[in-house]
Amino acid sequence: MRKLIIICSLFACLYGKVRVVSSTSDIANIVKIIGGENVTVTSIARGNQDPHYVEILPSYMVKVRKADIYFMVGMELDLWAQQIIDGSRNQKVMVVDCSVEINKMEVPTGQIDASMGDIHRFGNPHYWLDPENGKLIASVITEKLSNYDPKNSDAYKANLSQFEKDLDSAMSKWNKRFSMLKDKKIIFYHNSWPYFSKRFGLITVGFLEPKPGITPSPSQLNQVINQIKENDIEVIASESYFSDRAPKFIESKTNVRTVKLAQSVGAIEGADSYINLFETNLDILAKAYGVSYD
Amino acid sequence: MLKKLIGGLFIVSISFGQTTANPQFSVVGDLIMDDLQKNPNLYSSGIEIAVQGYVNPFARADVYLHKHNDESAMELEEAVMTIERGLPFGLGLRVGKFRPDLGKINKDHAHLFPFIEAPSGMANILGEEFWAGTGLEASIFLPLPWYSNFSIGSFDSGLGGHNHGSEKEDVHYEDKDEHKEKDEHDHGKNEKQEQVFSARWGNFFELNNINHIEIGTSYYRDPENNLMGADFKYKWRPNKYRSITIQGEIVLLNIKKEHHDEVHKGEYKIKSDAGYLMINYQFNKSFNFGIIGDYYKETYKETEINPSIFFGFSPVEESTVFRLKVGQVEDHESHKKHLKTTAQIIWSLGPHKPHRY
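Going down the list, the protein sequences come from chains A and B.
Start counting at 1 in the first sequence, then tack on 4, and there's your number in the working numbering.
Start counting at 1 in the second sequence, then tack on 111, and there's your number in the working numbering.
Think of the hints as simulated: they come from the structure by calculation, not from any bench.
Some hints here could point you the wrong way.
[Said to hold, decoys possible] 27 Å max Cα-Cα, derived DSSO-like pairs, lysine-lysine:
#, chain 1, residue 1, chain 2, residue 2
1, B, Lys412, A, Lys264
2, B, Lys351, A, Lys215
3, A, Lys291, A, Lys252
Computed from a predicted model, the values in this text were never measured in an experiment.
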């Protein structure tokens, strides 16, 4: 009898909630903030996974099968999502591209082909790494949740407003605390950080990958070593999912410090929410540069 | 009837087509260095051309053409429309010529194998390039807490109908007693078979974020043969570039034959069993290493068990892959076993690629 009551309670809790699936943990976290108690949300890619490549598992199709809304990153980052959505055979799911409102960076012009590496036709897709873009993502999520579930529209709008306030307050705090990071030169492993660098004033000097998605070759590493020596670069930052080998090799040949940053919510310890993602990354960078902050 | 139905479905799909956007085109090519110890030779198995895209909001189409590196005409490997939306009860439907859902390996194209060539035992039963039939296949998700898919299909040609210049098998079956005459061992290679039916029940269990298991059972029947199969796959994948895959499959084929001489009369049965067990370790972005044991047994023949080791190197993601295989093979003339080393370079243009992590 007790089991039956538990099952009924669970069913009652789940019933009436908007079922959301998102491609990445960042979007899932924002959906959770905006949707609150009125949504259930699951992310396909884990925070510490490379969002460019996700192995399509049948279990993902089961997750999407009962979903009401699927939020994609878009800009050809999560091309795999379409296969999962198709495979789920869910005819009613609303598919939303979160990149629609984004002011896109690094949109290539002219002919694009594989000689350029893994280049994205619609621009650099790592837009969630700018907190201002987080607001735009939240606004799209609010609109779609409100359309789907109008009776809770006021709650979604109130949560959006609170989220924007929290981000603004965090931004003004970060601008003061981490102002010493401005104009610091940095080398990244992969080109995931243009939105982040622009927002926080970092100057990207180069990448370990010779071209996007291409493993660094010994000659590329030598080039980077020379670049570090010539430009007096202090920090190499890489995404959590890359191997330490190449950065550590360079560290052993120069005075550079290597750090791992959270490219998504949940990628590393401390980055457990969208706001904490920036807090954690800025904290790691400030320590790596040895700049003082409160 | 079957052909009319397929034709009808294609016409419907074309009539409702809503896009003028081009489909995706891909080409996969290779270079193979075979039998490096005994009789080294260099050749290409040709190119595969893939054309893929959405037909309309409800269906997609995949066409695979293979041009062998010889005088033969271009071969249609697959031309299939997959209806994924719009059907009742969450049904899925594939129509056209395609590799049916039979076992684990039958649906994979050879360029996806980390071990270069298909396991020879499986190739003896499914055909050198595996089984592709023209027909239709319906599938449904069973209402279970895990991914459970049941598919059932009807086709116009049976096992072994997708061979290209299969001299290997012809040699393999020569020089045997009355039961092993070539025509009796072709496992239904005639293309006129009717009422071919296949079914598969596949299950997928996500144990946690990095461990998952797939288990499947298959059944196949045509007027002369029936087949039962079981397959499994376990994968441990802590990140994109590191994984261990253990995959195995076994198929049991019963072939019904009739004696054509005066001494023996009536029906008799031949049994063929084949299987493989593979362990593949992808230890970083570029390298993988593994072993495969290949098994084949047939009535009146000795059991063949051939182990191999294989190695793969992908310098730039999955668009170019170098593979090496060293394995034991049996010489079909002398029946002696020897080591054979095969190397392959495989490349691709477009989204249909030779390798997946």
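Going down the list of hints, with the structure as the test:
1. B/Lys412 / A/Lys264: Cα-Cα ~59 Å, so violated.
2. B/Lys351 / A/Lys215: holds, 19 Å
3. A/Lys291 / A/Lys252: holds, 18 Å
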